[in-house]
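Taken in sequence, the protein lines are chains A and B. So for the first sequence, my numbering puts the first residue at 1; every next one is plus one. So for the second sequence, my numbering puts the first residue at 578; every next one is plus one.
Just so you know, these hints were derived from the structure itself, not from any lab. The reader is advised that the hints may include incorrect statements.
Covered stretches of chain B, as calculated for chain A (at least 3 residues, CB under 8 Å) [stated by the list, open to error]:
#: 1; region: 582-596
#: 2; region: 608-620
#: 3; region: 648-654
#: 4; region: 688-700
#: 5; region: 1073-1085
Every value quoted in this text rests on a predicted model; they were computed, and no experiment measured them. Where is the CB? At the ideal position from N, CA and C, for every residue including glycine.
There are 2 protein chains.
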Amino acid sequence: MLLRMSTLLLRTLREEPADAEVPSHRLLLRAGYVRRAAPGGYTWLPLGKLVLDRITTIVREEMVAVGGQEVSFPALLPREPYDVSNRWTEYGDDIFTLKDRRGSDYLLAPTHEEMFTLLVQEMTSSYRDFPLVLFQVQTKYRDEARPRGGLLRGREFLMKDAYSFTLTDEELVSAYESLRAAYQRVFTRLGLQHTIVSAMSGAMGGSASEEFLATAEVGEDTFVGCTACDYAANTEAVTTPAPPATTATAPPLEVHDTPDTPTIASLVELANARALGGRDDWTAADTLKNVVVTVHHPGAGDEVLVIGVPGDREVDLKRLDAALAPATATLFDDFAGRPDLVKGYIGPQGIQARYLADPRVAAGTAWLTGANEPGRHAVNVVAGRDFTPDGTIEAALVLAGDPCPACGSGTLTMRRGIEIGHIFQLGRRYTDAFKVDVLGADGKPVRPTMGSYGIGVSRAVAAIAEQHNDERGLLWPDEVAPADVHIVAAGKDGQVEAALTLAGELAAGGLRVLVDDRPNISAGVKFTDAELIGIARTVVIGRRLGEGYAELRDRRTGDRKDVPVSDIPGVITASLG
Amino acid sequence: MLLRMSTLLLRTLREEPADAEVPSHRLLLRAGYVRRAAPGGYTWLPLGKLVLDRITTIVREEMVAVGGQEVSFPALLPREPYDVSNRWTEYGDDIFTLKDRRGSDYLLAPTHEEMFTLLVQEMTSSYRDFPLVLFQVQTKYRDEARPRGGLLRGREFLMKDAYSFTLTDEELVSAYESLRAAYQRVFTRLGLQHTIVSAMSGAMGGSASEEFLATAEVGEDTFVGCTACDYAANTEAVTTPAPPATTATAPPLEVHDTPDTPTIASLVELANARALGGRDDWTAADTLKNVVVTVHHPGAGDEVLVIGVPGDREVDLKRLDAALAPATATLFDDFAGRPDLVKGYIGPQGIQARYLADPRVAAGTAWLTGANEPGRHAVNVVAGRDFTPDGTIEAALVLAGDPCPACGSGTLTMRRGIEIGHIFQLGRRYTDAFKVDVLGADGKPVRPTMGSYGIGVSRAVAAIAEQHNDERGLLWPDEVAPADVHIVAAGKDGQVEAALTLAGELAAGGLRVLVDDRPNISAGVKFTDAELIGIARTVVIGRRLGEGYAELRDRRTGDRKDVPVSDIPGVITASLG
């Protein structure tokens, strides 16, 4: 491959583009890899398309290596299969829907579980047809409320989605482990520093679930690690250790006037000032905050839900949504219509709504909380004595320093990452929905179980750019770089010709070469562009050409050395390993 | 590549599938290349995906070889650019449109002229940036009223679309010739017998236009050739030679009672029986048939139009639509509301609607036609004397035996083909719409002109299947076959192992191998499946394995010969050239 910059569709930008809030987005725009074409939709320019294709190839190779078979479904699909699974309703506004000229309902598929399941139903009949791993690399659509970060969260994006179909739970685990290892190989080849974290499976249904997160400041996903063990989890999946059951007998519940204390801070200040319950060491963690939300059940109406969390924590709406999925929640605001819910003074005792409590609100724990009357709070409100939650819920904000749920001795640290892969043991949700049965080895019908394995291919471009850049520009890992070597003709005339000759020689040897043969462009601009574009090896054909030398620059280390032009092919090839 | 049929997602069908009306569709379904997933939407199964990828690779290689640069646009696009070009309105029901969660209008792009033009506007500024050839291989959408033929006419399909941007008409011609040659190389490599025919550019606008048609009985496009010269044209593009102007003076117009003659046949019979105008040799070609249509102008309402054609011809609605594009026409049916248009007895003399005539209705020609009164016709109705058309139109059906418009001495023959490519000199329709100007060499602004070049990639799969099959199944040309060789383990035990060993050896040597290692499947079924799947070379590991021999079968010639197993790699490699 030989790309000449004199004819390449490329326009690098010196200025920071407006509306690009994350480094990868800014750099991919500035270096001419992508352009915005629509809200959440991007055009791949020639250099970007090369990187995208490299990543796709790596993903495909590793999927085939573990027995994956590639198929390709339409993106535009009729409604019916998504009604069977109830996802047409569950997704709601999050998917693009449309009608064809006959008025039939269609959607732009956000994922294809239904289609994979139907295909397997049509194409298999016996246990001999299993296990199966099917995948596709396909354009996906989601009507994101807030597209952000360029390729990080778009409305049209490229995904590799895969599903395993096995007959037993043991085979599912085996397929899962095989795909998990393939994913590790993929992300290693992509040069992505990543952490595998426990995750929730979200609206997909299913059980065991792990995310591959590329570590990045700009990541949307907050995940935790442990100071003492190898526990790592998406915050949605963090479980809160319940305190041991208390046997101490708390004094009876007392109600106090606490005027003008609608917030936890004002309540704690007043409680200490008045030594409520005989204490003046109240902290926010001793109070029980009760947050009212409206839960939206897809296709089944709304419900008022009250969530109790220790007063030193907020409710984390992402954790809450994950806990409620496929339902979603928004903050309740119709207090006028519910006089029993006294805003700022709600307590769980005698509450007339479903009440779910944080695991820390264990049986026997005593709390300072609302008395369900304006301007009044209660102390010694004991879980299991004065109120009994309808269940527990993981919805409280996870904080650095929280105890590790895995080892119990370490504490949690917080990091941010970009979700680049998600694998989980989906189970039989879809084979149940479509009643997929095949003949078992014992002659009886058996229902296959599924694993689900996704990689954000276009998002990976952004994740790599996010991890591999410096103040001068991008710096691609070799396996995904748009070229192996970037040759710069620093001067004119003979230097351009020599650069093109060398480029032709390298390309003939199988290398992918980008050569800057632009006329009327200064050497300084060419160097700046080369650093922005971010290919690891630059060969400068410059002032020592007459002596038969070119300069080899290493974009990573900054090293420069003069090398005989005739040695360049060997040196470059050797450096590629 | 090594594909084992024991694990491959494949189920061949013995029975003809219902609803598959053309051979390619039937065979691609039966041999397990595709499955229907939606109206006009197909799922690529593993074997089909391999063929599709082979074709894509060939197209890409030939595009890059002529300097094409690959980009990729979103398929889901906002309405605005398509309003600028007026195509949002022109396409009407033919495209899929939708609204996002904010109520903004989007479309699933049928083609991307607007986006290519906007990209060039953003990425170029000077004559130095030209010429440019940009292409993409992308999923396209059209809300076809009548999807048919499986992959031949779908609603979601894979296209390679390319545009050249040049500054002068000469450079456009040069780019056009270069792409035309590239297309010839593509279709030759794909093994497609094809004819390049003159065509109309349709709703795209533009001038010079040629289609690449793969010869096939089931093709939707009728095209003509000449018995004497190399003229070839889509019927829409055929021009009708006008007869020389007549100087003979026809007698005056006479009106006759012609009761119960609403059809041409009944009129001719009566005219001869009564010797109207003193003749009894009337034929349908002497009559002038006047067909009323409603023309739908996109965004600008409807118009009644009358079309005059010799009575021995029908109006061809495809030719009519091509002549009226971007407007479309349907047969007029509101005669009750237009008493001036007397159904069955319409004549062009004094007509109160726009009237366009076939070129054969030349000045001085005399006709037997309606008298605009029920049950009456007129003879000696002379064009230019008794009526003057508002213009000519090419809407009459083209018939075998018509004179060739190119050489004048030959006559036309009719064939059918599948449109696999379309190239045309688009001109400045889109650069005008978006006001694209760049700095010219003389310091003045210059507006680029465009060429448009499309290949139906998924349709090519069907076209190849249509041309390459026999009664036993498909028979792929080597360059697009899903594998280079198909190894059949005819028996059990040692034969399966030997087949897998050979397959591994061939795959290690770079060949793409499909091996039928299915247990519990008879040799006969395996042979039948191999012929259905259609890979040119089959190696049978069978009864002579003990002597060290395998049988090599040539799917094309039917030749079979025994070859030492150790010679197979060399023989296969040599046969691939």
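Evaluation of the provided hints:
1. 582-596: Per the Cβ count (5), the hint holds.
2. 608-620: With 7 residues in contact (Cβ-Cβ under 8 Å with chain A), the coverage given for the region 608-620 of chain B holds.
3. 648-654: The restraint on the region 648-654 of chain B holds, since 7 of its residues have a Cβ under 8 Å from chain A and three suffice.
4. 688-700: holds (count 4)
5. 1073-1085: Not satisfied, violated; 0 residues make the cut.
When each numbered hint is compared with the structure, a violation occurs for hint 5 only.
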